[in-house]
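Asker: Combine the two chains into a complex, taking the hints into account.
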Amino acid sequence: MTIDWEAFLHVFIAAIIGASIVVTFYALGLRLLVRGGRPPLVAPVEFTDAITVLTDKQRRRAEKAAAKAAARNPLSEGQKRFALVGAYACFAVCAAAVLGALLLILFNH
Amino acid sequence: MESAALVIVLVIGLALFFDFTNGFHDTANAMATPIATGALKPKVAVLLAACLNLVGAFLSTEVAKTISGGMIREDQLSPDIFPPIIFAGLIGAITWNMLTWLLGLPSSSSHALFGGLIGATLVGVGVSAIDTGVVLSKVILPALIAPLTAGIIAFTVTKIAYGVTRRYDTKADGRDGFRWGQIFTSSLVALAHGTNDAQKTMGVITLALITVGWQSASDPDPHIWVVFACAITIALGTYMGGWRIIRTLGKGLTDVKPAQGFSAETSTAATILASSALGFALSTTQVASGSVIGSGLGRRGSTVRWNTVGRIMIGWVLTLPAAGAVGAAAALIVVWLGGWGVAVDAVIAVAIILGLFLRSRRDSVTSANAMSEVADSGAAVKVPRKPGPTRRQRRLERSGKDDA
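Heads up: the protein sequence lines correspond to chains H and L, in order. For the first sequence, the numbering used here gives the first residue as 1, with consecutive numbering after it. For the second sequence, the numbering used here gives the first residue as 1001, with consecutive numbering after it.
Looking at chain L on its own, in the form it has when it is part of the complex (with noise of 0.2 Å):
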């Protein structure tokens, strides 16, 4: 019993540390936007996503329910094995998390984490302890179907922010408006933010506890003080902050004006805060690309660089299957050396930990010099000055040659 307390503080331990990677990692998705189009200070930016984030967390714990109660078939499972499993999953998390984030990719900490617990439940106890059902309709489909049911809306919002404050004579046009209202969009998607991806967290540390029966399995609601501790882990990531994403996701992709950012950040908040409500564990980086292709999309003649977007679906299809392999790796460590297995598992965890954080200080990205390279990167997109003629006018034009 001592030993499986250890373990479950471990995964405590880890799990928070996974919660704050995610913070740090997903600050961008929120605060990109206005940071890109100067909306917002960096550092103040990233202050108000912190605090959001935290208040988002105890908005709804559907998400976290979705992973306590339903993934994972506790009947199947054993209290000795499966602590450790966890452990291990968690550590395929982290171990993929830290990766992408080192090569500025926006991978998906959700389904970082996963893959991690399904690679590692796979090996550990075999496939009857997965339930296939509830893994398809409330992880993998939502996966696959939120990114573009995001980018559809953001294409039609930003098609109706343009509509609504075009001007065919010279006079202003009130879009720098926009500039104020995404101060409150990016809003939003901070606390969406803690609405869905502080939740998993919640739900790993609660599946821990329910796996011991230090909690009753048919009350997968999280404990008070596990929703505390998740929602300051995450704010306080938030603030530490990840600038390198926002390199990539701010202006890599496509130009951000403030009328199309703020588009695209209503949408993506809508997606989210709509998906946490039914518990859908979605994955918030690819709900924000999503959104800012599809906006990118819906101004007249901009174009969006496809080749950024191909690097950033390999990102996204690779996270899965790549921490799922780690979680198996750490997952076989434990079924084959057993207590012993922990402890190599947990030491090399601290080392890929140590020497990627080591790595990243050699070229260190901060609020200083990150976003120089944003405007960069800006100049690389091609976006038409004089976009072509609205439909109105090439309506009056036709009408006008009829006439002479």
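With the rest of the complex left out, here is chain H (with noise of 0.2 Å):
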């Protein structure tokens, strides 16, 4: 009876790395975007029960704050932009060690 002891620390490790640049590279991607003068605002679909509902009201209050602090954003137009590129060349990091993991899952076997 011998137990791959190895296997699990391969699984773990894999798992580990892969959400690891998954969580980060899509933090940093809204961090980016929020740099480059666009924070996300969404409000979660519309759904009674929902926990967090954000009201009309909330919302266009909540996009009036965006908008200021966007206006209030000391850096330069190219700035923003160059932090909105980044923030969508991080969002594609993520798709493509995605779609990487599946790959490799389909036709390693």
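Careful, some of the hints might be misleading.
[Claimed, not checked] Covered stretches of chain L, going by a simulated chain H footprint (3 or more residues, C-beta under 8 Å):
hint	segment
1	1131-1143
2	1177-1186
3	1227-1233
4	1340-1351
Simulated from the structure, these hints should not be mistaken for laboratory data. All C-beta atoms, glycine included, are put in the ideal place defined by N, C-alpha and C.
Answerer: Shown next, in the form of structure tokens:
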């Protein structure tokens, strides 16, 4: 009876690396979106029982605050554009990581 | 030979029914968090989960091979005895599954299946028919290790998610954007579920086909029609969906915020996908629970309700022996009564399933009323509005005092 302990280690390492890449780059992407002057404002889908329902009024206020923050943003247009490109690049890295992992599973047996 | 064929048909039917209940039981694992954080409407979430389960079932068949080609020693079995034993094992698994579903306990469908199969084989054939090494290294140990692994990963990535988006001024931090992300991560979880759970039924059907000699034992890959049948059944089951469990997992454990839900789901998907690739048949339910708890602990100042955790743990620990006991009892009837035993088992199974179904109709939970209870249980969770200062804030405070 042999137990392949190494396999467990492989699973752990693969999973933590994969998860870290996805989460880090997604969070970084969001951060850069904010820096680029486009903070993501996502109202929860219309759903009466949802836990954090934003009313229209609350959403308008949040949008106003976001616009104000963007106006106070001391970055130049070029810097903002750079941040936005960075944000999309980060999201692309996330997508590539997921697709790569799936392809690896699909063709690796 | 005709009776063997009849039993095989029964086994396939019951295995597919198990597949259906598995999808039914496990929708919540993938979709509880996005529903709880309001990222997806319940109906949309369930439909998405169903489609992705279908795709996932085609991705990898490693887990099916673990069951059909390793766990049970085919050379120890005779084609007359074993199919009824598999049948008995499936009855054990399904009965336990329906019972925990009714009680709203996130038990593990997979462990119910393994418990039932092992229990029935032990009684019907003997200890020699089970490959303890494979059972230990591919079923029992992953069962213990995977939730812990997922918890640690979820804890780490939750810290990362909050750390990267933390702002010390009052400007928008962009964390709202994790709501979008959750749509993708929960989809990944549904996909991962297909790569692990649909495989288990394929494995059982293939095992049955091998024992009666309809498939060669040297080639434990499931036939393509088996793959199709299982994939479609699990997708259907997922769509019919388990609202009951959403109550427990989504909000009962810990108050889920988008950033945290995103992290939990990424960790669940990564753990399950990596395990599926290596053929570990783990419990997706337990991995999802481990992730939710881990990510809860990763949030500053949040408290997990250990009562609920304890209740879930009890469900886990009970699953293998309980399903094993039911499977063993069903196998005992087969051993005593032979062909009549199979008939008796089938009647008992139908009676239990019908009874549980009728019982569940009495207080039916649907998409309309399940979520308000989720919101209620959310109120019972203690998450401080203002968690304590971060390490950096504490450091700044201290150095500020030194200056003064």
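Asker: Next, verify each hint and record whether it holds.
Answerer: Hint check results:
1. 1131-1143: holds (count 6)
2. 1177-1186: holds (count 7)
3. 1227-1233: violated (count 0)
4. 1340-1351: violated (count 0)
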